[in-house]
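Now for the letters of each chain:
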Amino acid sequence: MTPGAIELALFGFVLVTALATAAFKDVLAAIIVFAAYSLGMAIYYAVLLAPDVAMTEAAIGAGVTTLLLLLTIAKTVRPGRDRLLEEIHLPGLLVVGAFTTAILVTVTSFPAIGSPDAPIISHPEVSQYYLEEAYHDTGVENVVTAVLAGYRGFDTFGEAVVVFAAGVASLVVLHSEVFTRE
Amino acid sequence: MSNANGPDGTDAENGEPDESTPVRVAGRAMGTDDTYVESQVIMTTVRVVAPFAFTYGLFLTFHGGGSPGGGFQGGAVIGTTVLMIAFAFGIGPTRDWLSNRVVVGLASGGVLAFALIGLIPLLVDGRFLEHAVFSDEFDLYHGKKYALEGVEIVGIAPIVAAIVIGLFFAIAAGFTGEVDAWHPAGPEGPPGTETTPGTGAGDQSGGSDAETGSDHDVATGGEQS
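Chains as they are written, first to last, in this note's numbering: chain X, 1 to 182; chain D, 1 to 225.
Hints in this document: simulated from the structure, not taken from any laboratory.
Just to be clear, a hint being listed does not mean it is correct.
Pairwise CB distance ranges, derived in the manner of DEER restraints [as the list claims (entries may be wrong)]:
1. D:T44 <-> X:V107: 44 to 50 Å
2. D:V49 <-> X:L49: 24 to 30 Å
3. X:V126 <-> D:G105: 37 to 43 Å
4. X:R78 <-> D:V49: 27 to 33 Å
5. X:Y135 <-> D:G105: 32 to 38 Å
6. X:T101 <-> D:V49: 42 to 48 Å
Under 10 Å between C-beta atoms, here's a sample of chain X residues computed to sit facing chain D [as the list claims (entries may be wrong)]:
7. P51
8. D52
9. K75
10. T138
11. V144
12. T156
Far from chain D, by Cβ distances over 10 Å, these chain X residues were calculated [stated by the list, open to error]:
13. V16
14. T21
15. F24
16. A29
17. I31
18. A35
19. I43
20. R83
21. L84
22. P91
23. V95
24. I113
25. I120
26. H123
27. S127
28. L131
All figures in this text were calculated on a predicted structure; none of them were measured in a lab.
Using N, Cα and C, we set each Cβ at its ideal position, and we do this for glycine too.
The following block holds chain D by itself, in its conformation from the complex:
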């Protein structure tokens, strides 16, 4: 917590270019600065619990028509599972594993799918979201039920899950992006944050940018990464 000062507090002290570059890369791959502590207990627990929580989320989503639950609850549980994984294994790796395109695509795709399912009845002179059309006009077995559950499964659940995950990543972005990029953990960083193996040398431009005022550091940091 001690080095989590404002974005421009510690630049002057340890903003040397060749120091910041490797640490920056390590921090980005590791995902966090001082907020992440690699814990065997948490990692093992999450490894065991996450599949069940994820399955429970899917169950709530898919079985919302027959038992308590539904798209919103299921999506929230699915999103929480990803948060749990990020908590245990680091936010950065989780974000790299689950690319931003997936998150944004889930949210937008959910809205589009919801709207599409609602628009289909208009083709046969039905009304918007009139699920009964699927049974009556298209002669689908249990059509209205599957239309309603389709709205829950491909509409509401992905939206809620993606927004939960996206908000989490957005709030955590300070650790993995700007803070790590321009505030090398330095001597006061806790052990474990700089031990990432195998991420090669970063771009040298990142280090030189760290010297130029802190105002557009954030902006350039965003573009580079």
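Chain X extracted, bound-state conformation:
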């Protein structure tokens, strides 16, 4: 699949906002650009036909995370904004560059989106089974939900408990008034 204009524009937007998040010295500016990055990623997921992921990214990534980060910097002291961009830290740049290179090398071994050689198309047994049997087995039309809450319900139960435990742990660590009020 050759990327169209929308994909290229979104990719450029996401790339620029990601770099700007790392480069801005002012924390508030970085958070705002990071929210824009999340929104771009959410639209990108929607373009790539993953609406479930797009919704989560829009609500959690662009919404909740931004608010929590804003609250956090409101409680701290922002350093002076003597310059616009962060100065480049050479060892850090080397490490991140090496990491990015390693990731990019693995990307080339992925099949292209929609390629007939992709395992999901050349070996359709697993995916076709879910597409054909999900409604009969679980009674819901959305195969993603059927897999998550039906076939892998135990897995999802573990995830829900992890979310609960992580939330409780964060509240305890923050020593929040949430539990002591009233």
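Given chain X, put chain D in place with the hints provided.
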């Protein structure tokens, strides 16, 4: 932003008991210190948008079996709606309106409901979370579908929504609780933070505690409020 220094930075300057008491009460009722600006634009926008966002969250939750979405997405949107309301109308009032018991109860109740729905099949020799039992053994119409959606609606969505709301309140607690209690906004506070009508005089003990070192201020502040 100027008076948001550390918890013990400004005690010495303006920690007079009779000054701090009324401001503390006002700050608590108002919910924030300098982070909250009463804005007609934001309040009106949120008033219009929030019902639709909340309904959309409910739709995602209840309709996760038929269209994209599900408990996690729906719960996140519902939680975000509460954050939006808190952003527009102040964190403290929102927290008082939505009591902590509700938040904690939603999270714990979600886990319990998820586990209970999973345990029911064990009664009839099924397996944990084997939703097909609801159709086959209990003869419920679309039983397996409703069991699966029940897990999404009363299990996952409340957990996610409550954790989102709880984390937000916990991080914001510094404004409404400790910071407001022991750092009266004073002259440098922005207008609008001290204009709460009608909250009567607070307890005098809060003011006297402000003089004794800042270490257990936080602790006593938590117990009193």
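Worksheet item: Does X:S127 sit more than 10 Å from chain D, CB to CB?
Response: Given that every Cβ of chain D is farther than 10 Å from that of X:S127, nearest at about 17 Å, it holds.
Discussion item. Is the claim that X:V95 lies outside the interface with chain D correct, judged by CB distances over 10 Å?
Written reply: Answer for X:V95: holds, closest chain D Cβ roughly 30 Å.
Discussion item. Taking 32 to 38 Å as the stated bounds, is the beta-carbon spacing between X:Y135 and D:G105 within them?
Written reply: For X:Y135 and D:G105 the Cβ distance comes to about 35 Å; the hint holds.
Discussion item. Range first: 42 to 48 Å. Now tell me if the beta carbons of X:T101 and D:V49 are that far apart.
Written reply: The hinted range 42 to 48 Å holds for X:T101 and D:V49, with Cβ atoms some 43 Å apart.
Item to complete: Answer holds if the nearest beta-carbon of chain D is closer than 10 Å to that of X:D52; otherwise answer violated.
Response: With Cβ-Cβ at 5 Å, under 10 Å, it holds.
Fill in: CB-CB spacing for X:L49 and D:V49 relative to the 24 to 30 Å hint
Since D:V49 and X:L49 have Cβ atoms about 27 Å apart, the given range 24 to 30 Å holds.
Worksheet entry | Restraint satisfaction for X:T138 [CB to CB of chain D, less than 10 Å] | 6 Å, holds
Item to complete: Check the non-interface label on X:L84: least C-beta distance to chain D beyond 10 Å or not.
Response: 19 Å, holds
Item to complete: May I ask you to check that X:I31 keeps its beta-carbon over 10 Å from the closest beta-carbon of chain D?
Response: 14 Å, holds
Worksheet item: Has the hinted range 37 to 43 Å been met by the Cβ atoms of X:V126 and D:G105?
Response: 40 Å, holds
Worksheet entry | Interface hint status, X:V144 versus chain D (Cβ within 10 Å) | With Cβ-Cβ at 7 Å, under 10 Å, it holds.
Item to complete: Grab the minimum beta-carbon distance between X:I43 and chain D and tell me whether it stays above 10 Å.
Response: 15 Å, holds
Going down the numbered hints, you'll see the structure goes against none, and every one checks out.
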